[in-house]
Amino acid sequence: MNFIKTSLCLLTGLSLIACGKTTNSETKTPETTIETPIAPAVKAETFNMAILLEAAQNGNLEVINGALNKGFDPNTRGVENRTVLMLASFNGHTEVVKTLLDSGATIDLKDTTDRTALMYSCTGPFAETVKVLLEAGAQVNLKDNHEQWTPIMFAAGEGQIEVMQLLLDAGADVNALDIDGESSYDFAMSNNHEQAAAFLKPMMKQ
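Numbering (this note's numbering), first residue to last: 66 to 271.
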């Protein structure tokens with residue numbers, strides 16, 4: 066299994082680029098797709114929505130607050146149906162995550178790849194972001210419907226031991242299996258994260 070962190074790209078000028086995650090059934094290698102650019106005559110409402118999504122991606126709290134104060138939906142979605150909360154979580158922008166949650170963002174919404182904000186936050190060294198999401202009620206054992214991956218599998222695949230500990234403290238099932246019968250330990254091993262694998266091994270069922 067070749068587990069590669071999902072790339073999320075957003076607004077570049079007026080081009081909306083999606084680095085979407087699809088999978089090859091044998092390698093589990095994400096493939097990249099590029100969306101059609103937004104036309105120059107894009108409506109103001111759409112452009113403002115894109116600015117909100119970009120602000121979440123970049124952690125621009127001032128823009129986020131301004132948009133929310135103007136009535137923008139904290140569950141605004143962009144490419145692949147990813148919400149502003151997912152984008153902020155993926156990049157570890159904890160203060161933006163807090164603001165969105167305080168403004169009513171729905172925590173366990175899924176995008177078109179069936180990932181949640183918590184799953185995205187687990188792919189990086191973002192323990193504080195993960196902690197905020199867990200304390201807000203994110204489901205720690207929720208699986209995506211495609212690969213049956215759980216948040217701890219995402220963390221294990223990236224070797225994020227501190228994040229895995231937070232998930233375990235919140236009740237993560239370390240022995241959960243994906244569609245191929247692989248566990249978080251297998252994710253760590255197959256991606257050469259030896260320390261993460263050693264951390265998980267004592268907890269695995271024989």
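Where hints are given, some of them may not hold.
[Claimed, not checked] No farther apart than 30 Å at their CA atoms in a straight line, the calculated lysine-lysine pairs in the BS3-like style are these:
hint, residue 1, residue 2
1, 196, 175
2, 208, 270
3, 175, 163
4, 163, 135
5, 135, 208
6, 135, 196
7, 208, 175
8, 196, 163
9, 163, 208
10, 196, 266
11, 270, 196
12, 175, 135
13, 196, 208
Don't read these hints as lab results, they were simulated from the structure.
### Message
Checking one constraint from the list: CA of residue 196 to CA of residue 266, max 30 Å. Satisfied?
### Response
holds (23 Å)
### Message
Holds or violated: residue 135 and residue 196, Cα atoms, limit 30 Å.
### Response
holds (29 Å)
### Query
Taking 30 Å as the top limit, are the C-alpha atoms of residue 196 and residue 175 close enough?
Judged against 30 Å, a Cα distance of about 19 Å means the pair holds.
### Query
residue 163 and residue 135: Cα distance at most 30 Å?
holds (18 Å)
### Query
Keeping to a limit of 30 Å between CA atoms, is the pair of residue 208 and residue 175 held or broken?
holds (10 Å)
### Task
Could you grab the alpha-carbon distance between residue 270 and residue 196 and see if it respects the 30 Å cut-off?
holds (26 Å)
### Query
Does residue 196 pair with residue 163 here, judged by a C-alpha cut-off of 30 Å?
holds (11 Å)
### Query
Does residue 196 pair with residue 208 here, judged by a C-alpha cut-off of 30 Å?
Distance ~19 Å between residue 196 and residue 208 Cα, so the pair holds.
### Task
With a cut-off of 30 Å on the C-alpha distance, tell me whether residue 208 and residue 270 pass.
Judged against 30 Å, a Cα distance of about 20 Å means the pair holds.
### Query
Given the proposed pairing of residue 175 with residue 163, does the C-alpha separation stay at or below 30 Å?
Judged against 30 Å, a Cα distance of about 18 Å means the pair holds.
### Query
Does the alpha-carbon distance linking residue 175 and residue 135 stay inside the 30 Å limit?
holds (25 Å)
### Task
Please work out if residue 135 and residue 208 have their alpha carbons no farther apart than 30 Å.
Answer violated: residue 135 to residue 208 is near 34 Å, above 30 Å.
Hint 5 from the list above is the single one not met by this structure.
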